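Asker: Chain residues, written in single-letter form:
Number of protein chains: 2
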Amino acid sequence: VKETSVVRTDKASKLVRPGRSRGRNAQPVARNARKRRTISQYLIDRLYQLGIRHVFGIPGDYVLGFYDQLCKSRIEVVGTTREDCAGFAADAYARIHGLGAVCVTYCVGGLSVVNSVAGAYAEKSPLVVISGAPGLRERGRNALLHHKVRDFDTQRQVFEKITVANAALEDPLTAFREIDRVVEASVRYKRPVYLELPRDRADVVPLHESPMTPITWRSDAKELSEAIDETSSMLADSKRPVMLIGVEAHRFGLQDLVVQIAEKNHIPMCSTLLGKSVVSESHPLYVGVYEGAMGREAPRKIIEDADCVLMIGTFMTDINLGIYTAQLDPAHCICATSEDLRIRHHHYHDVLLTDFVKELAKRTFGCAKQALPEIEDRRLKAFEPRSDTPVTVKRLFQKVNAILTEEMVVICDVGDALFAGADLTMLRRTEFLAPAYYTSMGFAVPAALGVLCADPRCRPIVLVGDGAFQMTGMELSTIFRRGLAPIVIVLNNKGYSTERFILDGPFNDIGNWAYHKIPELIGGGWGFEVRTETDLVKAVDAALANRDSFSLLNVHLDPYDRSEAMDRLTRRLAQQLGNSSAAGRRRS
Amino acid sequence: VKETSVVRTDKASKLVRPGRSRGRNAQPVARNARKRRTISQYLIDRLYQLGIRHVFGIPGDYVLGFYDQLCKSRIEVVGTTREDCAGFAADAYARIHGLGAVCVTYCVGGLSVVNSVAGAYAEKSPLVVISGAPGLRERGRNALLHHKVRDFDTQRQVFEKITVANAALEDPLTAFREIDRVVEASVRYKRPVYLELPRDRADVVPLHESPMTPITWRSDAKELSEAIDETSSMLADSKRPVMLIGVEAHRFGLQDLVVQIAEKNHIPMCSTLLGKSVVSESHPLYVGVYEGAMGREAPRKIIEDADCVLMIGTFMTDINLGIYTAQLDPAHCICATSEDLRIRHHHYHDVLLTDFVKELAKRTFGCAKQALPEIEDRRLKAFEPRSDTPVTVKRLFQKVNAILTEEMVVICDVGDALFAGADLTMLRRTEFLAPAYYTSMGFAVPAALGVLCADPRCRPIVLVGDGAFQMTGMELSTIFRRGLAPIVIVLNNKGYSTERFILDGPFNDIGNWAYHKIPELIGGGWGFEVRTETDLVKAVDAALANRDSFSLLNVHLDPYDRSEAMDRLTRRLAQQLGNSSAAGRRRS
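Chains as they are written, first to last, in our numbering: chain C, 1 to 588; chain F, 1 to 588.
Calculated directly from the structure, the hints in this document are not laboratory data. Treat each hint with caution, since some may be false.
The list treats identical chains as interchangeable, and a pair is accepted whether it falls inside one copy or across any two copies.
Said to hold, decoys possible - Restricting the straight-line Cα-Cα distance to at most 35 Å, the calculated cross-link-like pairs of lysine-lysine (DSBU-like) are: (1) Lys-494 / Lys-72; (2) Lys-264 / Lys-239; (3) Lys-394 / Lys-538; (4) Lys-264 / Lys-301; (5) Lys-358 / Lys-239; (6) Lys-362 / Lys-538; (7) Lys-494 / Lys-517; (8) Lys-517 / Lys-394; (9) Lys-538 / Lys-369; (10) Lys-517 / Lys-538; (11) Lys-264 / Lys-538; (12) Lys-362 / Lys-301; (13) Lys-494 / Lys-394; (14) Lys-538 / Lys-301; (15) Lys-399 / Lys-517.
Since the model is a prediction, treat every value here as computed from it, not as a measurement.
Same shape as in the complex, but just chain C (with noise of 0.2 Å):
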């Protein structure tokens, strides 16, 4: 990848506009006083510029001053009830949005979003993570300021670890390019970003406004063309190819040339768990979610019987292949992510996963229609309720498919949400949000908060276990508070399914809350609770009414019921957990 230095497009006496807050002190500015800017304001205008509408999180002493800033700017600070709630709450902002922004307080929250951001991490979403922190004024002889841990610098230190790019807006002479490079770095690689802003340098003035020249990476020529030129004649050469979609193709806003890609050529797509609903499920080439031997059987046959697998921002992780059950030749693939593209065994360094992606777009490689293989109808299919029946996983989630329209995103947290969640019908691309990769609990209820954040107009249904719910779900208290009206299916099995299939004790049962009571505690929305089909279907009903706020459904469930997906996976983890210790025990 080459480094260019290019005149900057968005030039800033454009594109920032100085004094347009709409606070108490709002004044037209005249355009020389651009100079002005404080570090906070400064901060304030580049990620509205970014597109930056909401920022998540919590106040504390530290950051009080950037908060005022914030308040008196035109974007909206939303206070959540926990600090990984906003983390949660901005990944998932920046899922839809293409950014999103955490703030908070030294230490005491920021090392409350760690989790969170670790997650975004993982999962390549682009989030500023922004911190107050101790004036440096107050810092002589490493006093012993409260929040503090070890060093003033150990909450950067740590962030390091779980962000592409950090920075201490210590010195205002590069503030402005620190913010910069800092933001820019997230927008790049879509991966989570630190800024700390000591709470006597928010606002600071900087002396100059030091315009940054920002960097633009562009393939090499020579390497792009002879990667295209092999990728062509290997699908060219193919009688059976087939298109992985993974989660890149969305973060990098591909999916219009992905299915161009496959529309040109006849190309059947699957796509990853993680990459789900990247491209409309509806589409007629879309065979199926791949998860090796542990997804269904159309999408793997395609899959492990192609002669060439065109694999675009699809990440290799252990759930994605099955938990490695993945019957893949290299030999027959090219995978092309952010990070690397690989042609059968051997790597191109120099290649942007844009530009390949751009450049195959315009090719025609004359592949031949293939047949299909016979899947199962994905239209909306009438649920009819079983009175007096208990509700089980399975049916649970044939009345879900049953009601989802264009209009709705569906949220799955971690556990039998989202491994029954894959079989779900996507109609539109992007409406199935999930931590399939890192799997934290705890993401589902959050989500829904940035989602509506950033799309009002989406509905949101939130499928999320009773472990995961207690983790996070109390942040129903914020989503009320703010008039929003999600549908949240608790899967209330009173205990963490996942383990109890791999190894039960004890440790694996939770206690066993009235969720539908919440709506009391927290002042408001609508609570249901579920035992049997027709319960199902009268509160399902209830709640597609419900405009005015969420709807909450405890579904009681059998505590060893699951879905085929869950039983798959767990019968793989298990065996897995017993290789890993059998030697240990063979000794023993």
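Following the hints, put chain F in place on chain C, whose structure we already have.
Answerer: Same frame as chain C, but now just chain F:
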């Protein structure tokens, strides 16, 4: 400090009895079977030997094998709703018990306890963090296994920043020694440590049980003698000596010696906020909590008028020092902590805190009795409710003060719960627990769980603001499941009060939950809504009588009501914030 090799006094062959598990495979095992312990078993034996009877955490597939071993051992696993709550509970357990442990899965678990562990680091609580990890045999080619963030080592690198020792137990040959080294560092430094156990190592039996030669640390005899002589003569020469006792006097078990020094020499005692209740507050020589200009007048006067201040285990934190309003002349101070011994303006590098206090306790300095300042009557006062009068912070704390008995432990969360709590009178020692330096919200409710596991005979009174309660209060679910009966008082002022008084904005408002309805949600416990003083008295009486489960008091307070302590503090913090950004404001 000298490093000396000595013969191990707690011989492994004596103390570590193998095969003592009570689980389904429990068998009497011959003595020579000791050699057959697995890494998991050795770690569990070591924790048990150091007094650990409870481990807090949440399972996950990378740590399930170790959980299974824990369940077969004499250590109880206490599952929580969230990992950070497990961290707070284990921290509180350590503060009561001398050592605590938390056990979580890789990354999604471990990275969720970062804030709790950082708090334990900052406030010197000895905590062993045990995390599962992918098996070494699964890690080929940096595979993308679920929960992984960047490298397999990322989590360990994060914990390196917030612990005093860490090890990844990858090599069976050194695993036992690494366990010894790391766990002993926690006991020695009273700070968290980190152990990572790859799942394919948990059941491995090392070829050798190579006993470690433990290190014993001793003071340099000549330095110690010089420091003791110097301290003695300063005290002997002083007319108005006073002791200022900090939290390390508790962590290192020096309370009896500290009181002995005071009594033998008629020296009045004050404590810091973090050290509150390290000595009994009903001791005749005890004057109060010293917090500079922020605290009460009697302790301020006696400390600042003293001609010799003996500080034992005292951290010089900003809140301990009343946001630097403390007026302490170093020329009159002896500051002994585990990290440093400073007398006037010089330092002794090789004197251990314990040795210093032990030697000092042997001496008599011939100090004259001082007239102690008039202080408020500390005996229980009858609380006369004024009917139909709304509860205020001041009156609430008067009522709490009136019900304190020797069996009670007061656990304060951050905000006015802490600042007003500072004025409560603790009858026994170490019955006041609070994150008084790190000040992380959400500590108190999970801490009550830890305290009750460590000492089931005590009765915690939990004082928690509504903001902090929304972060971790649902941990009452675990408290209910275990049949524990703390009294939880929610100071419901509908927002983040401390921040309100520093810089107000809509971001300081939070939802108004009907906290007293939580029993209906989680299936048990007692809830009370309190608006007037009459309500308060009735609810407190009922709560005191409830021994079967927790009682929760939802105490409505005016959003702008506050204690005198909070008033003093926030005025000072706002001033600090003003000073910090003054330079920037002047320039803009």
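Asker: Hints numbered earlier in the text: which of these fail when held up against the supplied structure?
Answerer: Of the numbered hints, 6, 9, 11, 14 do not hold.
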